[in-house]
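Peer 1: As a plain string of letters, each chain reads:
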Amino acid sequence: MATPGTAQPTSVGGMDTFNIAHGFVESLVRGMRNSFLSDSDYHHLTQCDNLDDCKMNLGETDFGPALQEESTLSPTILQSAAINKLSTEFLYLRSQSVAPLSTFLDFITHEYMIDNIMLLLKGTMSGRDINDLISMAHPLGLFKESTMRSIPTFESNSKGYADLYQCVLVDTPVGVYFAKFLKETSQQLGNAGEVRNVLEEVEIEIIKASLQKFWLEDFYAFCEELGGETAMMMGEILRTRADTHAINVTLNSFGTALNEPSMRLSDRKRLYPSFGHLYPHGTAMLVNAHDPDSLGAVVSQFSQYAPAWTVHTSGVDKSIDDAFYERDVHQLELAFEGQMHFACFYAYVKLKEQEIRNLVWISECVLQNQKESINSFVPIFSQHSPWRVKNQRR
Amino acid sequence: MSSSSCTGEYCNAGWSEVLTSMSPYGWGSMGLAFGLSLSVIGAAWGIFLTGSSLVGAAVKSPRIRSKNLISVIFCEATAIYGVIMAIVLNGLMKKPEGGIENGSFTDEWNWSSFYFAGYGVFSSGLSVGLTNVASGVAVGIAGSSCALADAQDSSLFVKILIVEIFASALGIFGIIVGIIQSNSCQFPYDVAN
Numbered sequence: 001m002a003t004p005g006t007a008q009p010t011s012v013g014g015m016d017t018f019n020i021a022h023g024f025v026e027s028l029v030r031g032m033r034n035s036f037l038s039d040s041d042y043h044h045l046t047q048c049d050n051l052d053d054c055k056m057n058l059g060e061t062d063f064g065p066a067l068q069e070e071s072t073l074s075p076t077i078l079q080s081a082a083i084n085k086l087s088t089e090f091l092y093l094r095s096q097s098v099a100p101l102s103t104f105l106d107f108i109t110h111e112y113m114i115d116n117i118m119l120l121l122k123g124t125m126s127g128r129d130i131n132d133l134i135s136m137a138h139p140l141g142l143f144k145e146s147t148m149r150s151i152p153t154f155e156s157n158s159k160g161y162a163d164l165y166q167c168v169l170v171d172t173p174v175g176v177y178f179a180k181f182l183k184e185t186s187q188q189l190g191n192a193g194e195v196r197n198v199l200e201e202v203e204i205e206i207i208k209a210s211l212q213k214f215w216l217e218d219f220y221a222f223c224e225e226l227g228g229e230t231a232m233m234m235g236e237i238l239r240t241r242a243d244t245h246a247i248n249v250t251l252n253s254f255g256t257a258l259n260e261p262s263m264r265l266s267d268r269k270r271l272y273p274s275f276g277h278l279y280p281h282g283t284a285m286l287v288n289a290h291d292p293d294s295l296g297a298v299v300s301q302f303s304q305y306a307p308a309w310t311v312h313t314s315g316v317d318k319s320i321d322d323a324f325y326e327r328d329v330h331q332l333e334l335a336f337e338g339q340m341h342f343a344c345f346y347a348y349v350k351l352k353e354q355e356i357r358n359l360v361w362i363s364e365c366v367l368q369n370q371k372e373s374i375n376s377f378v379p380i381f382s383q384h385s386p387w388r389v390k391n392q393r394r
Numbered sequence: 001m002s003s004s005s006c007t008g009e010y011c012n013a014g015w016s017e018v019l020t021s022m023s024p025y026g027w028g029s030m031g032l033a034f035g036l037s038l039s040v041i042g043a044a045w046g047i048f049l050t051g052s053s054l055v056g057a058a059v060k061s062p063r064i065r066s067k068n069l070i071s072v073i074f075c076e077a078t079a080i081y082g083v084i085m086a087i088v089l090n091g092l093m094k095k096p097e098g099g100i101e102n103g104s105f106t107d108e109w110n111w112s113s114f115y116f117a118g119y120g121v122f123s124s125g126l127s128v129g130l131t132n133v134a135s136g137v138a139v140g141i142a143g144s145s146c147a148l149a150d151a152q153d154s155s156l157f158v159k160i161l162i163v164e165i166f167a168s169a170l171g172i173f174g175i176i177v178g179i180i181q182s183n184s185c186q187f188p189y190d191v192a193n
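These protein sequence lines are chains D and Z, in that order. Note that the first sequence covers residues 1 to 394 in the UniProt record's numbering. Note that the second sequence covers residues 1 to 193 in the UniProt record's numbering.
Don't read these hints as lab results, they were simulated from the structure. Don't be surprised by glycine CBs; every beta carbon is placed ideally from N, CA and C. Just so you know, not all the hints are guaranteed correct.
Said to hold, decoys possible - To give a feel for the contact side, a few chain D residues facing chain Z, derived at Cβ under 10 Å:
1) M15
2) S27
3) V29
4) G31
5) H290
6) D293
7) Q339
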C-alpha cells in the first residue's frame with residue numbers, strides 16, 4: 001500500500017492513487033460521455049424530411065451550440081462542425097492532463113498527424129491548392145503552419161522523402177515513424193537493385209500503411225509499459241486494431257501490384273504489425289492469400305473474425321468495414337465499464353468519430369431522400385445493440 | 001532471552017529488556033500520536049480521491065454538486081474518530097504527583113497498572129489509526145465512483161451510498177474497540193499512603 005506521497009506524476013497509479021494526477025480529467029471525459037446521441041435522438045433524426053428538420057433536432061442535443069452559427073446545414077458543414085467540437089473538447093482534456101496521460105493523449109493525435117501528412121502529399125500530387133488542403137486537415141493533427149506549408153514542396157520519390165524527413169518531419173512527433181519507414185525502404189534498396197524502380201514510384205497508400213503500422217506498434221509498447229488496467233484494456237483494443245489493419249491491407253492489395261507473389265513476401269508482409277491476435281501465425285498465412293477466398297479461409301480460423309467474414313461474404317448490404325465498426329463500438333463501450341485507467345479517453349475519441357460518421361450518413365440519406373438504407377449506422381450506447389438485448393433477455 | 005552475555009553497563013540483555021525499558025508514558029503518547037495522525041491520513045486520502053472526481057464530474061453535471069458532498073463528510077468522520085480517541089486517551093495519561101523520590105519511582109508504585117496502561121493506550125491508538133486509514137481509502141474510492149455514476153444516472157446515488165456506509169462502518173469498529181481497550185487502562189499518579 002503506497003502512501004500518496006510516493007505516487008509520482010509519471011505513473012498511472014492503482015485504484016488508490018490514480019485520482020491524484022488523473023482523477024479530474026477522467027471525470028471530465030466521463031461527463032462528456034453523457035453527450036452521445038441517444039436512441040430517441042437518432043429516431044427523430046431518421047424521421048426528418050430535410051436538413052433543416054435535422055438542424056432543429058440537433059439543436060436540442062449537445063451539438064446545438066456548435067451548429068447555431070451555421071445558417072444552413074449540409075453533410076460537410078455538419079462533419080466539420082462536429083470534428084471541431086471534438087477537437088475543442090480533446091484540447092481541453094489535453095491541457096488539464098499531466099504525464100503519462102498527456103503522452104497517451106499525444107499518441108492519439110499522432111494518427112491524425114499521419115493522415116494530415118498523407119493528405120498534403122497526395123493533394124499536391126493532384127495539384128490542389130495548399131490553402132484548401134490546410135483547411136481540410138484534421139484539427140487534432142495539426143502541425144505548425146510553416147511545417148504544413150513546406151510539406152508539398154518536396155518531390156514524391158525516395159530521395160524526396162529523405163529530404164522531406166531531414167528538413168521538416170524530423171521535428172514533428174511522427175518523424176520517428178518516418179525515419180523507420182525510410183530505414184526499411186533503404187534496406188530493401190540495398191537488397192535488390194531491380195526493386196528500386198518499383199519503389200521510386202512507391203505509392204502513397206503504402207507509405208500511409210507503413211506509418212500507421214509503426215504508430216500502432218509504438219502505441220502498443222507504450223500501453224504495455226503503463227501496465228495495470230490500462231495495459232489490459234488498451235492492449236485488447238490495439239490488438240484488434242492491428243488485425244483490422246492487416247486484413248484491410250491484404251483486402252485492398254488484391255488487384256494491385258502488391259498482390260504479386262514476389263511483392264507479397266517482401267512488401268506486403270512488412271505492412272503487417274508485429275502484434276495482435278493474427279500475429280505471428282495468422283500474418284504468415286495472410287502473406288500467401290491471393291484472392292478473397294483464400295483470405296476468408298485464413299480469417300475464418302480465428303474465432304474473433306470469423307463472424308465478420310461471414311457477414312462480408314453473405315451478400316447482405318453490410319461490408320466487412322461495417323462488421324468491424326460494430327465490433328469496435330462493442331469493445332470501446334466496454335472501456336467505460338472500469339474506472340481509473342486511460343482507455344476511456346481513447347474510447348471517447350473513437351466513439352465520437354463513429355457518431356460523426358453516423359451523423360454524416362444520416363444527413364446524406366436525408367439529403368438524397370434514400371430512406372431505405374438510413375438505418376444502417378451503428379448507434380453508440382444504444383439500448384437496442386445486439387450485445388445489450390442479448391443480456392436483457394435473460 | 002535474558003542471557004548473561006552482557007558485560008557492559010549499558011548493554012541490553014535482549015529484546016525483552018529493550019521493550020520493557022521503554023517508558024510506558026512513551027508507549028502511551030506514541031499511541032495517541034498514531035491514532036490521531038493515521039486517522040487524518042486516512043481521511044485526507046479519502047477526501048482527495050473523492051473530491052477530484054466530484055469536481056470534474058460537476059463540470060458537465062452541476063446537479064451532483066451538493067449531494068455528493070456526503071462522501072466527503074463520511075471521510076471527514078474518520079478524522080473525527082481519530083480526534084475523539086486522541087482526546088479520550090489524553091484524559092487517561094496522567095502526570096505523576098507522588099510516588100517519586102530522588103528521580104526514581106518508590107517501592108509502592110503500581111507497576112502492573114503502569115505497564116498495562118502504557119501498552120493498552122498504545123494499542124488502542126493503533127487500532128483506531130489503522131482502521132481509519134482503511135476506512136478512509138475505501139470511502140474515497142467508493143465516493144469517486146459514486147460521483148461519476150450519479151453524473152450519468154441519478155438513481156444510482158442512493159445505492160452506491162450504501163457501499164460507502166458499509167465502508168465507513170469500518171472506522172466505527174476501530175473506535176469501539178479502541179474505547180473498550182482503553183477503558184481498563186489507568187496510569188497511576190500517586191501512591192496510596
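Peer 1: Taking the hints in turn, state whether each one holds.
Peer 2: Cross-check of the supplied hints:
no.	hint	result
1	M15	holds, 6 Å
2	S27	holds, 3 Å
3	V29	holds, 9 Å
4	G31	holds, 3 Å
5	H290	violated, 49 Å
6	D293	violated, 46 Å
7	Q339	holds, 6 Å
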